[in-house]
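J.: Letter by letter, the chains look like this.
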Amino acid sequence: MVPGDRIVEGNFRPLFNVIRAGNSIVATRIGIAEAGREGVKVIPLSGIYIPRVNDIVIGKIMDHSSLSWGVDINSCFSAHLPAQDVFGRDFSPARDDMGRELAIGDLITARIVAFDRTRDPMITIQDKDLGKVPRGELIKISATRVPRLIGKRGSMIQTIEYATHTRVLIGQNGIIVVTGRDLEGIKLAVRAIRMVEEEAHTANLTQRVKTLLGVSDSSPSDTSHVAQPQNEVGEELNEVEKEEKI
Amino acid sequence: MTQTRSLIDENGKRTDGRTRDQLREIKITAGVIKNADGSAFIEFGMNKIVVAVYGPREVHPKHMALADRCVLRCRYHMCPFSTDTRKNPAPSRREVEISKVMREALEPTLMLEDYPRAAIDVYVEVLQADGGSRCAGITAASVALADAGINMRDMVSACAAGKVDDRIVLDINDTEDKEGDADMPVAYMPHLEQVTLLQLDGILNEDQFNQCLDDAVNGCKMVYEFQRKALMQKYFGNETELKEEQ
Chain D
183 MVPGDRIVEG NFRPLFNVIR AGNSIVATRI GIAEAGREGV KVIPLSGIYI PRVNDIVIGK
243 IMDHSSLSWG VDINSCFSAH LPAQDVFGRD FSPARDDMGR ELAIGDLITA RIVAFDRTRD
303 PMITIQDKDL GKVPRGELIK ISATRVPRLI GKRGSMIQTI EYATHTRVLI GQNGIIVVTG
363 RDLEGIKLAV RAIRMVEEEA HTANLTQRVK TLLGVSDSSP SDTSHVAQPQ NEVGEELNEV
423 EKEEKI
Chain P
24 MTQTRSLIDE NGKRTDGRTR DQLREIKITA GVIKNADGSA FIEFGMNKIV VAVYGPREVH
84 PKHMALADRC VLRCRYHMCP FSTDTRKNPA PSRREVEISK VMREALEPTL MLEDYPRAAI
144 DVYVEVLQAD GGSRCAGITA ASVALADAGI NMRDMVSACA AGKVDDRIVL DINDTEDKEG
204 DADMPVAYMP HLEQVTLLQL DGILNEDQFN QCLDDAVNGC KMVYEFQRKA LMQKYFGNET
264 ELKEEQ
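Chains as they are written, first to last, in this note's numbering: chain D, 183 to 428; chain P, 24 to 269.
Since the hints were made in silico from the structure, they are not lab data. Some hints could be false.
[To be verified] With the Cβ distance kept under 10 Å, some of the chain D side facing chain P (calculated, not the full set):
1. Phe259
2. Ser324
3. His383
[Said to hold, decoys possible] With a Cα cut of at most 30 Å, we get these calculated DSBU-like pairs of lysine-lysine:
4. Lys57(P) - Lys242(D)
5. Lys322(D) - Lys123(P)
6. Lys392(D) - Lys57(P)
7. Lys334(D) - Lys57(P)
8. Lys314(D) - Lys334(D)
9. Lys36(P) - Lys123(P)
10. Lys242(D) - Lys252(P)
11. Lys322(D) - Lys201(P)
12. Lys57(P) - Lys310(D)
Cβ coordinates follow ideal geometry from the N, Cα and C atoms, glycine included.
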């Protein structure tokens, strides 16, 4: 579908990336159209990240005022992390040193608490597995490729992690952090992620990624090395992925 | 103006061998600039134009931001080497005007209210100029905007028609523009069937005007097919070719 294409005619519910024009539902972005019982939508193949409440994102601390940090979340809206979120309700700008907790340039995993386009998104790091990202290789991909990178029930990312002995932390805003002990493993994981980004819309991608990684067809049975935090993020993303049926 | 030569010969062929209702050769490629969010390259006859779209992104300076919608900024620029005599690279009166009309031609199709407090920048760089560069620019800009994944109600296609030797002809080239009687660039949304740009340089009577408009709209519909093909080629690649073969 390209913008303006009529997807279907009739009394269907427009979900997202579509508009109603007369009796038809029309696509507003390039992507794959899906018409289901719940309505009609277009799964986009390009575009920037627009925050949604409860998304797990990876962001970079850009600056801070006396009450909050400004965080770049790879979107056209920069996020706010209130100081009370980190210091608790008795936070005092005079007493507490914000730079000591999170300095400019630090990377954090956060959850979007509130966003409605009229104001910048507010984020929190007060949940399990959220907070500062201490080390790793940072990669940026298009946010529209994130569901493909995770794959069905996390299959793609598990394959990459298993074959390269790395841990891949994925934010729904398209920012990815790869960590691992082996530099070669990290390099290979980055190559595989780039391949998924470039060829996300093509068929037989999993097979080609497996060939790149040099793994056999059988799916990995042992994923015990995959750190729990990743699974948490991954599972949450999988929910979205399942919805989108990619 | 004293006409020194006939622009249409006895067989009805124009200076470049085209018939009355024939477009110049068109070639569009989407996604040519990696650093941009969306881009396109168009060859429209002798015109060679590259368009890059950035955004939606934060507005700088901040006071230009609008609370309820996105700001669209458009820059049409001709390279010093795009014409036979050197063109001063500073923005001329003509370039400022074309930037404005291009912005106004693209604005109706974009769902700017989806990205409040953000900005979309469209840079149109003319590498080689022939007649009708604003139409080619709008056509390429529309492809680049779709490539950037910005919500659009429809594509915008543009094509000119005009009067040469008292005959209405489609897609005026540089010679016909300079030596002909009238030039009418039109931008059109093919699905919504609405005109977003109509300019006229010259004098036409009512019948000639109507015929010119009909011809230009038909030209836009033909141009749309090239835009669609470019986007399908980028995002669906070989699948498109297969479907077309079938």
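J.: Would you mind marking each hint as holding or not holding in the structure?
T.: Outcome of the hint check:
no.	hint	verdict
1	Phe259	holds, 7 Å
2	Ser324	holds, 8 Å
3	His383	holds, 6 Å
4	Lys57(P) - Lys242(D)	holds, 23 Å
5	Lys322(D) - Lys123(P)	violated, 34 Å
6	Lys392(D) - Lys57(P)	holds, 26 Å
7	Lys334(D) - Lys57(P)	holds, 29 Å
8	Lys314(D) - Lys334(D)	holds, 28 Å
9	Lys36(P) - Lys123(P)	violated, 35 Å
10	Lys242(D) - Lys252(P)	violated, 39 Å
11	Lys322(D) - Lys201(P)	violated, 49 Å
12	Lys57(P) - Lys310(D)	violated, 37 Å
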